[in-house]
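*Asks:* Each chain is listed here by its residues.
There are 2 protein chains.
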Amino acid sequence: MKLKALVLSPESRLNEVCSQACRQRLNGYFDTKWNETGRDYTKEELAGLVEDAEVIITSWGSPPLTPEALEKAVKLRAIGHAAGTVKNLVPRQIFDRGVKVFSAAPRIAQSVGEYCLAALLASLRHLNTFDADLKMGLWREKGLKGRELAGSTVGIISASSTARAFIKLLAPFGVKVLIYDPYLTEEAASRLNAQRATLEEVMSCPIISVHAPKLPATERMLTRELIALIPDGAVFINSSRGSVLDSEAFLEKLQTGRFFAALDVFEKEPLAPEHPLRSLPNVLLTPHIAGASVQGHLSLMEEVVEDIIRSLEAEKTAYEVSENMWEVMA
Amino acid sequence: MKLKALVLSPESRLNEVCSQACRQRLNGYFDTKWNETGRDYTKEELAGLVEDAEVIITSWGSPPLTPEALEKAVKLRAIGHAAGTVKNLVPRQIFDRGVKVFSAAPRIAQSVGEYCLAALLASLRHLNTFDADLKMGLWREKGLKGRELAGSTVGIISASSTARAFIKLLAPFGVKVLIYDPYLTEEAASRLNAQRATLEEVMSCPIISVHAPKLPATERMLTRELIALIPDGAVFINSSRGSVLDSEAFLEKLQTGRFFAALDVFEKEPLAPEHPLRSLPNVLLTPHIAGASVQGHLSLMEEVVEDIIRSLEAEKTAYEVSENMWEVMA
Numbered sequence: 000m001k002l003k004a005l006v007l008s009p010e011s012r013l014n015e016v017c018s019q020a021c022r023q024r025l026n027g028y029f030d031t032k033w034n035e036t037g038r039d040y041t042k043e044e045l046a047g048l049v050e051d052a053e054v055i056i057t058s059w060g061s062p063p064l065t066p067e068a069l070e071k072a073v074k075l076r077a078i079g080h081a082a083g084t085v086k087n088l089v090p091r092q093i094f095d096r097g098v099k100v101f102s103a104a105p106r107i108a109q110s111v112g113e114y115c116l117a118a119l120l121a122s123l124r125h126l127n128t129f130d131a132d133l134k135m136g137l138w139r140e141k142g143l144k145g146r147e148l149a150g151s152t153v154g155i156i157s158a159s160s161t162a163r164a165f166i167k168l169l170a171p172f173g174v175k176v177l178i179y180d181p182y183l184t185e186e187a188a189s190r191l192n193a194q195r196a197t198l199e200e201v202m203s204c205p206i207i208s209v210h211a212p213k214l215p216a217t218e219r220m221l222t223r224e225l226i227a228l229i230p231d232g233a234v235f236i237n238s239s240r241g242s243v244l245d246s247e248a249f250l251e252k253l254q255t256g257r258f259f260a261a262l263d264v265f266e267k268e269p270l271a272p273e274h275p276l277r278s279l280p281n282v283l284l285t286p287h288i289a290g291a292s293v294q295g296h297l298s299l300m301e302e303v304v305e306d307i308i309r310s311l312e313a314e315k316t317a318y319e320v321s322e323n324m325w326e327v328m329a
Numbered sequence: 000m001k002l003k004a005l006v007l008s009p010e011s012r013l014n015e016v017c018s019q020a021c022r023q024r025l026n027g028y029f030d031t032k033w034n035e036t037g038r039d040y041t042k043e044e045l046a047g048l049v050e051d052a053e054v055i056i057t058s059w060g061s062p063p064l065t066p067e068a069l070e071k072a073v074k075l076r077a078i079g080h081a082a083g084t085v086k087n088l089v090p091r092q093i094f095d096r097g098v099k100v101f102s103a104a105p106r107i108a109q110s111v112g113e114y115c116l117a118a119l120l121a122s123l124r125h126l127n128t129f130d131a132d133l134k135m136g137l138w139r140e141k142g143l144k145g146r147e148l149a150g151s152t153v154g155i156i157s158a159s160s161t162a163r164a165f166i167k168l169l170a171p172f173g174v175k176v177l178i179y180d181p182y183l184t185e186e187a188a189s190r191l192n193a194q195r196a197t198l199e200e201v202m203s204c205p206i207i208s209v210h211a212p213k214l215p216a217t218e219r220m221l222t223r224e225l226i227a228l229i230p231d232g233a234v235f236i237n238s239s240r241g242s243v244l245d246s247e248a249f250l251e252k253l254q255t256g257r258f259f260a261a262l263d264v265f266e267k268e269p270l271a272p273e274h275p276l277r278s279l280p281n282v283l284l285t286p287h288i289a290g291a292s293v294q295g296h297l298s299l300m301e302e303v304v305e306d307i308i309r310s311l312e313a314e315k316t317a318y319e320v321s322e323n324m325w326e327v328m329a
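Note that the protein sequences, when read in sequence, are chains A and B. Heads up: the first sequence at position 225 corresponds to 224 in numbering that gives the first Met the number 0, and the numbers run straight through without jumps. Heads up: the second sequence at position 297 corresponds to 296 in numbering that gives the first Met the number 0, and the numbers run straight through without jumps.
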C-alpha cells in the first residue's frame, strides 16, 4: 500500500517548482492527490483534506497548517515545503506530534550563493555602471578602474546556508574569510576554511556580505556605529533582509559615496518608486531575486520529496527542519 | 657588480604598474636608470640609451625596440614588458640575439578570468537589467528570472591564458567545460578538467566564452554559420577581440533577442556613440576593461621583474615568451 500524499500547490505553481521527474516520482512512490482547483486551497478547504494525508507537500502560496487542521491530520508523518521558511506554514507544536518537517531552503541558498558572487564581482568591476554608461553613449570618460577579488578578505555576517553556499564559490579566489556568528564553533569555522571574528571586525572588511536570518535578535543588528566601520572603497552586499540594518544610517553613509552596496533586499518591499537608493551611482539594485533562478525553483519540490522518501526509508536527510533550529532560523 | 637595468616607463605610468616594493627591488637588485623625463621616451631617445642596458623594463606607451636599437643594445640580456603583447615592442629577431623576453600577459589574464566570471554570472542573473530597471523606478514588472551557472556546460574558444584563468574559477560550479583549440592536446585538456570539442560544438553550448588571440588565423573565425548555432537563451561572452567575429552577422542575431551577450571588445574601439549595440536590452557592455584592475595593474612590473631575476639566477620562469609561441600568441 502506497502512502497518501497531498500536494497543495495548484498547476500554475507546480510548473515553477516541480519538474516532470518530480511529478512522476510523486505518482510512483505515493498515492498522490493533486490540487486541481487551479488556485491555492483556502485554510478551510485544507482542514477538510488533511484527514487521510500521510505526507503533505506545499510551496509558496499554500495555506498554513493551523493547529486545528493539524489536529485533524491524524495520519500525517511528514510535511515538505518546496520553498524557504516554514515558520508561517506550520505551528511549532507540529514537532510534539512527531511530524517531520522539510524545507527546500538549502536549495534556495545555492541560488543565493551564486547571486552573492555575481553581485560581488559585478560590483568590484563596476559592470552595472559601465553598462549604463555605454548605453548612454559613453566609453571610459569616468576613468573607473575595477578591483580583483583574488587575495582579498571577505567578512560574512551569519554562517547560514546562504553564507555557506557563497563561501564554497570563493574557493578558487584564495580569499580570507571572516565570519561573525555567535553559534559558530571554531571547528565549524575551520571546516568552512574561515575564521571566527567579531561583528566589528567583519564590518571593517573590504568586502562584507550579510546572511543573517530574520529574527527578533537580528532586527537592526547593524547599528549606526557598526555601519560607520565600513571601509572606504568597500563592497557591502545584503541578500538577507532589509531589517537587519539601521536603514537610515546606512542610506546616509551610502550617500557619501565612500563605499559600494549591492542590495537585493530592502526594509520595505517593493522599494518605493521614489526611494533615494534608486538615484545613487554607487549601488547595484535587484528586486529581492537572490534566491530566484529557473533551475533552483524547478528543483525545489523534487529536493524535498526525495528527502521525505529518504526519511521514510530511514536514510540520512538533508532538508529536515528540527525543533532546535526553530529559534535561530529565518 | 649589479646589472644595469633601464626602466622606460615615466613616473605617471609607474604609479599604475609598479608597486613600491617593485621600485625597491629594482633599485636593490639592479643598477637602475629610471625615466625622469615625465613622458615616454621617443624611439630616437631609446636608441641613445640602450648601449649600457643589460635589462630593459617596459610597459604601455614604451617605444618599440627597433632592429636598429636592438643592434646597439649589445649588452642586453632580457626585456620585460609590464603589459600584454610584446609583438609591437620587440622584433622577432630578438630571439636570434639570445635576449630573453618576458610579458606580464599571464598576470593580466587573471583579471580577465575574473571579468569573465563576473560578466557570466551577472548576465545569467540579469543584474544589469534589474539595476537599470530599479533605477528607473521599476520592481519586478518584467517578470525576469535568472539562471544558475551550477551544472551547466561552458564552451571555450581557445585555451589561452585568459581561458585558463576563467576555467580555474569555474571549479566550484561543477560545470562541464568544452574547449575548441587546435593546439590543445587531450592530456592538456584533461589537466584543465575540460574536454576538447569542435568549434561547432562549442558554439552550440548554453554558455560560450571567446578567448582567441588576435591573429590572421582568428580574423572573423566566428562566421555567420557558426554564429547561427548559438542556442536560444545562451550567454555569449567576448573578452578577446572584436575582430574574431563576423560582427554584422553577430549583431543581426543579437538583435533577434534570442540570446544574451556580454561584450568587452568591439571591432572598432571606442564603440561609436550611436552604435546599434548600445541600444540592445540583451547585452552587458564594458569598454575593453576585462584585463584592467587596480591590483592586477599594480603587480605587472613586479611580476616581470621577479621573473627576470629568476631567469638570471637560472630558476624556473613563468612569464617568458619563447620564439615558438610567436605564431599563436596575441
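Hint data in this document are derived by calculation from the structure and do not stem from the laboratory. Any given hint could turn out to be false.
Capping the alpha-carbon separation at 25 Å, the derived lysine to aspartate or glutamate pairs in DMTMM-like fashion look like this [what the hints assert, rightly or not]:
1) Lys252(A) - Asp132(B)
2) Lys144(A) - Glu70(B)
3) Lys141(A) - Glu199(B)
4) Lys42(B) - Glu70(B)
5) Lys267(A) - Asp132(B)
6) Lys252(B) - Glu199(B)
7) Lys267(B) - Glu319(A)
8) Lys134(B) - Glu35(A)
9) Lys1(A) - Glu35(A)
10) Lys141(B) - Glu319(A)
11) Lys144(B) - Asp245(A)
12) Lys134(A) - Glu273(B)
13) Lys134(A) - Glu268(B)
14) Lys141(A) - Glu273(B)
15) Lys74(A) - Glu319(A)
Derived list of chain A stretches under chain B, where covered just means 3 residues or more per stretch with a C-beta under 8 Å from a C-beta of chain B [as the list claims (entries may be wrong)]:
16) 144-157
17) 170-181
With the Cβ distance kept under 8 Å, some of the chain A side facing chain B (calculated, not the full set) [said to hold, decoys possible]:
18) Trp59
19) Gly60
20) Leu133
21) Arg139
22) Arg219
23) Met220
24) Arg223
25) Leu225
26) Glu266
27) Ile288
28) Gln294
The beta carbon of each residue, even a glycine, is placed where N, CA and C say it ideally should be.
*Asks:* For every hint, state whether the structure bears it out.
*Replies:* Evaluation of the provided hints:
The suggested pairing of Lys252(A) with Asp132(B) holds, with an alpha-carbon distance near 23 Å, which does not exceed 25 Å. Between Lys144(A) and Glu70(B), the direct Cα distance comes to roughly 39 Å. Violation of the 25 Å bound is thereby established for this hinted pair. Under the criterion of a C-alpha separation no larger than 25 Å, the hint pairing Lys141(A) with Glu199(B) is inconsistent with the structure, at around 39 Å. Using a Cα cut-off of 25 Å, the hinted pair Lys42(B) and Glu70(B) holds, with the two alpha carbons roughly 14 Å apart.
Using a Cα cut-off of 25 Å, the hinted pair Lys267(A) and Asp132(B) holds, with the two alpha carbons roughly 18 Å apart. Simply put, Lys252(B) and Glu199(B) have alpha-carbon atoms about 16 Å apart, close enough for the 25 Å limit, and the pair holds. A hinted pair counts as satisfied when its Cα atoms are at most 25 Å apart, and Lys267(B) with Glu319(A) does not qualify at roughly 56 Å. Under the criterion of a C-alpha separation no larger than 25 Å, the hint pairing Lys134(B) with Glu35(A) is inconsistent with the structure, at around 40 Å.
Simply put, Lys1(A) and Glu35(A) have alpha-carbon atoms about 21 Å apart, close enough for the 25 Å limit, and the pair holds. Of the supplied pair hints, the one linking Lys141(B) and Glu319(A) is violated, its CA atoms being roughly 35 Å apart against a limit of 25 Å. Between Lys144(B) and Asp245(A) the CA atoms are separated by roughly 29 Å; this puts the pair beyond 25 Å, and the hint is violated. As the CA atoms of Lys134(A) and Glu273(B) are separated by approximately 9 Å, the hinted pair is consistent with the 25 Å bound.
Proposed proximity of Lys134(A) and Glu268(B) is supported: the alpha carbons are some 15 Å apart, at most 25 Å. A C-alpha spacing of about 19 Å is found between Lys141(A) and Glu273(B), which places the hinted pair at or below 25 Å, so the restraint holds. Distance hint between Lys74(A) and Glu319(A) is fulfilled; the C-alpha atoms sit about 19 Å from each other, no more than 25 Å. A stretch counts as covered by a chain when three or more of its residues have a beta carbon under 8 Å from one of that chain; for the stretch 144-157 of chain A and chain B the count is 7, and the coverage holds.
Remark: the stretch 170-181 of chain A is confirmed as covered by chain B, as 3 of its residues place a Cβ nearer than 8 Å to a Cβ of that chain, reaching the required three. Contact between Trp59(A) and chain B, as hinted, is not supported at the beta carbon level, the nearest pair being about 14 Å apart and thus beyond 8 Å. The restraint placing Gly60(A) at the interface with chain B is violated, with a minimum CB-CB distance near 16 Å, outside the 8 Å limit. Hint status for Leu133(A) relative to chain B: holds, with the closest Cβ pair at about 4 Å, below 8 Å.
Taking 8 Å as the C-beta contact cut-off toward chain B, the hint placing Arg139(A) at the interface holds, the least distance being around 5 Å. For Arg219(A), the shortest C-beta to C-beta distance to chain B is roughly 23 Å, which exceeds 8 Å, and the interface hint is violated. Interface hint status for Met220(A): violated, as the beta-carbon distance to the closest one in chain B is roughly 25 Å, over 8 Å. About 25 Å separates the beta-carbon of Arg223(A) from the nearest beta-carbon of chain B, more than 8 Å, and the hint is not met.
Hint status for Leu225(A) relative to chain B: violated, with the closest Cβ pair at about 25 Å, above 8 Å. Interface hint at Glu266(A): violated, since its Cβ lies 15 Å from the closest Cβ of chain B, which is beyond the 8 Å cut-off. Satisfaction of the interface hint for Ile288(A) is found here, the shortest Cβ-Cβ separation to chain B being roughly 7 Å, below the 8 Å cut-off. At a threshold of 8 Å, the smallest CB-CB gap from Gln294(A) to chain B is about 5 Å, leaving the interface hint in force.
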